[in-house]
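Visitor: Letter by letter, the chains look like this.
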Amino acid sequence: MWLRPFETILPLLFIVILVFTTHGIAQASTVRFVDGESKTLTDVEFTLHQGIIYFPVETLKIVFDPEMTHPYHHPKKQLTLKTKGKELRLQMGETAVNIDSGKEPLILNSPPRVIQGQPMLPIEFFQKVLPRLDDVEVLYNRTLQRVRIIPKTVWAPETTDDTHEWVIIIDPGHGGEDDFGCKSQNGVTEKDVVLAVGKEIQRLGNQQGLSIRLTRDQDVKKSRIQRVQTTNRNQGQLFLSLHCNASFSPNHKGMRLYINNPNGQLRVKATPIPVFGKKRLNILTQANFLKQSQNFASVLQKELNFLAEDPIVISEFPIITLADVYMPAILLELGYLSNVDDATRLSNPDHIVQVAETIVRAIQIYSVSVNQSANPNGL
Amino acid sequence: MQYFRKIVHSRLFVIWGITLVALIICLAVTLVLISHSKRIRIVDAPPKLPDAPNPTDVLPAPEQINIFLLNPTSLEITPVKTELRLYPEPTERLRQIVSVLVQETPPDYRNPIPRGTLLNEVYIDSQKTAYLDFSHHLADGHIGGTTAELLTVTAILKTVFDAFPNDIKHVQILIDGRERETLAGHLNLSQPLRF
Ligand SMILES: [Zn+2]
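From first to last, the protein sequence lines stand for chains Z and B.
Using the numbering used here, read the first sequence as starting at 1 and increasing by one per residue.
Using the numbering used here, read the second sequence as starting at 1001 and increasing by one per residue.
Since the hints were made in silico from the structure, they are not lab data.
Since this is a predicted model, take the numbers as computed values, not measurements.
The beta-carbon is built from N, C-alpha and C at its ideal position, and this holds for glycine as well.
Please note that the accuracy of each hint is not assured.
[Stated by the list, open to error] Label pairs and their computed distance ranges (CB to CB):
no., chain 1, residue 1, chain 2, residue 2, range
1, B, K1081, Z, T285, 39 to 45 Å
2, Z, G51, B, P1079, 49 to 55 Å
3, B, P1106, Z, T42, 45 to 51 Å
4, Z, G187, B, R1180, 26 to 32 Å
5, Z, T42, B, Q1127, 58 to 64 Å
6, B, K1081, Z, Q294, 36 to 42 Å
7, B, P1079, Z, Q229, 40 to 46 Å
8, B, Y1123, Z, Q265, 24 to 30 Å
9, B, R1178, Z, R203, 40 to 46 Å
10, B, Q1103, Z, G51, 53 to 59 Å
11, B, D1140, Z, Q229, 23 to 29 Å
12, Z, Q229, B, D1176, 24 to 30 Å
13, Z, A287, B, V1058, 48 to 54 Å
Required output: the full structure, derived from the provided sequences and hints.
Guide: Take a look at the structure:
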């Protein structure tokens, strides 16, 4: 009996060391650049300087503009970048970036530097400068060391139809004294995490001109019926219920998306449709919105995959949370509070903001695609 | 005269006394009989306990069945073989199998049924829907989360359908005798389910 602790601790220690070393090698030295579709463009080795990530100038040719020229004047330590019809002048060690001389320079927090004899650009350059040169947005996922360059034309909300205002219902699950949802070992509760994400979505979404309503904006108990009433009364275009997951195994991790489908991976016993006289009642149910829910789920999946270690799975089950909501509806499980890594991530305010930003972007992409298909000529 | 009246009086008194005593005795005897009859019924209650070596009461031979539990490595609900002496009657058989799922967790597996959950009652209707009535612990003791809820329901359904491939088509989960909308707020349990 007394040997047991050693027997279990030793292999565990070995695994921990192995994971840490491989983790270090795989994650610390390269950053993966992906495109709007999350397809890998390249893995770039970076150099850390005072805690800041620097990339070789050539990276820009692979991930941004293959036509770019970048003459470098060694004695003067001056770099000139010619790309997308613009000319940029950078002085190594200085934070100002001159775009098309004469205009106000853009100021970075960390300057381009000469590292091992080569001019290098900080990650901030990609995030701040590239959107000035082309219609792109650059996202950086620090945890997974990924940079995503998205062409803005794909999703930029067009104000073509002013009368058509999108109302999105965000439903932070659980709440109140006796329903905290699930809970992590160190006491992070589902009701708090989902409320924080919900409020952030509302703040960011409203900034973007979306009309976001919450089914609860404080720590109060709301019944399912109350949530459904709020939702249907607001006549929204989308319903997104936010939850945190839990499992009986601490190894389950990551985000998951659920669609309400009574004939999904679990099937509800068919109940006969009420008949009045010879007419069958055409009852409005979630089933009417299944296709739209699937479309919205795949947009959310594609966007959220950028934040996810493993691809996010979409599943269809009879989900009570989404039943009786008369609009496309999705349940998003933000991560497992029963998993240590997920719980740590979900208690990090930066991660909450990043998740909210991604969700708002997904809503915009979806709304644009719906408006475009409703109005194919863009009139 | 007075003496006579006294006698009559005392006789009346005695008659009344005897009647009263008889009544009390009758009442007592009735009460004893009632309590006795109840006791007899209680002793009779569990019909399945054989106390005589009757050939039909002999324990059935052990059978191998699967109960479905969470494999924490593959993260799948997987069959775990177990040996049980199962009665042939379907309802009794179902009760035995689900009771094992509720109670037992072999090492290396996780039981997705919350601890303390009891199986109250089982019933199979003419449409081959099995009703499994669990104690409130199944819902109140649940850890929450859509995945955990799905794991709980999947383990129950797989265990039942594996043991009754032809006799059970749907499973309705009940909590303390009532239909409940959900265990932890995500999955819809208000109607009978199948895969
Ligand atoms: Zn939840």
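Visitor: Against which earlier hints does the structure fall short, listed by number upward?
Guide: Violated hints: none; all satisfied.
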